[in-house]
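Generate the whole structure from the sequences, applying the supplied hints.
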Amino acid sequence: HRSQAKLSAEQAHATPTVPGSHGTTGASTHPPQSATPSLTPTPTPSPAATATPTISGGLVSLAPGVSQDPDAARVDAFLLSYFAAINNHNFANYRRLLDPQLQQQESAQSFRSGYRSTTDSAATLTAFSQLGSGSVSAAVTFTSHQLPADSPTHTACTNWNIVLYLHQQGGRYVIGPAPAGYQAVYSRC
Numbered sequence: 001h002r003s004q005a006k007l008s009a010e011q012a013h014a015t016p017t018v019p020g021s022h023g024t025t026g027a028s029t030h031p032p033q034s035a036t037p038s039l040t041p042t043p044t045p046s047p048a049a050t051a052t053p054t055i056s057g058g059l060v061s062l063a064p065g066v067s068q069d070p071d072a073a074r075v076d077a078f079l080l081s082y083f084a085a086i087n088n089h090n091f092a093n094y095r096r097l098l099d100p101q102l103q104q105q106e107s108a109q110s111f112r113s114g115y116r117s118t119t120d121s122a123a124t125l126t127a128f129s130q131l132g133s134g135s136v137s138a139a140v141t142f143t144s145h146q147l148p149a150d151s152p153t154h155t156a157c158t159n160w161n162i163v164l165y166l167h168q169q170g171g172r173y174v175i176g177p178a179p180a181g182y183q184a185v186y187s188r189c
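With the working numbering, the residue at position 23 of the sequence shown is 23, and numbering never jumps.
Please note: incorrect hints may appear among the correct ones.
Stated by the list, open to error - Using C-beta positions, here's what the derived DEER-type ranges look like:
{"no.": "1", "residue 1": "G132", "residue 2": "Q103", "range": "38 to 48 Å"}
{"no.": "2", "residue 1": "Q68", "residue 2": "S113", "range": "31 to 41 Å"}
{"no.": "3", "residue 1": "L147", "residue 2": "G170", "range": "14 to 24 Å"}
{"no.": "4", "residue 1": "H154", "residue 2": "A77", "range": "28 to 38 Å"}
{"no.": "5", "residue 1": "L147", "residue 2": "R172", "range": "25 to 35 Å"}
{"no.": "6", "residue 1": "R188", "residue 2": "Q101", "range": "29 to 39 Å"}
Think of the hints as simulated: they come from the structure by calculation, not from any bench. Glycine is no exception: its CB is placed at the ideal position from the N, C-alpha and C atoms.
Okay, here's the thing in structure tokens:
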């Protein structure tokens, strides 16, 4: 998921020629590698309860405080499709999860480059916030396993804390651009 780290910097700069979703890559530079990257989404989702997560579909869990929300099932369904597309290295399915702006920026080559050795697991929807007009921000933690060269931590295992900015399109959620300043958090497992 080296490309997830790139995403943070790329979305923060919001240039039209740079891919803009989790896992995308491009001919851009890597963001600064710091020991403690920070997550600075706007607005910040409210934290979920700290009890044991509820399992949903095996690949994605919902934190108990999140699972009570009526929209949680739709966000969960989106996340299941999202992680399945990544784990199956299925660009066509992944591309369907992007809004039209991000679809124009994402290429099959950048997707393959970003996810060629990646398998995600232990995904948990930890919080989400309504942003208005059917849009939500979804805070998600997960673990990626990949070749060390494909990771921003240069390890085979990376823990992630990301926020996906989703909005309604045709009765379903799609990923839209993150706000300026957004930064994913990642660390070695």
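Going down the list of hints, with the structure as the test:
1. G132 to Q103: 38 to 48 Å: Violated, at about 23 Å.
2. Q68 to S113: 31 to 41 Å: holds, 39 Å
3. L147 to G170: 14 to 24 Å: The hint (14 to 24 Å, Cβ to Cβ) is violated, given that L147 and G170 are roughly 36 Å apart.
4. H154 to A77: 28 to 38 Å: holds, 34 Å
5. L147 to R172: 25 to 35 Å: holds, 33 Å
6. R188 to Q101: 29 to 39 Å: holds, 33 Å
When held up to the earlier numbered hints, the structure conflicts with 1, 3 and fits the remainder.
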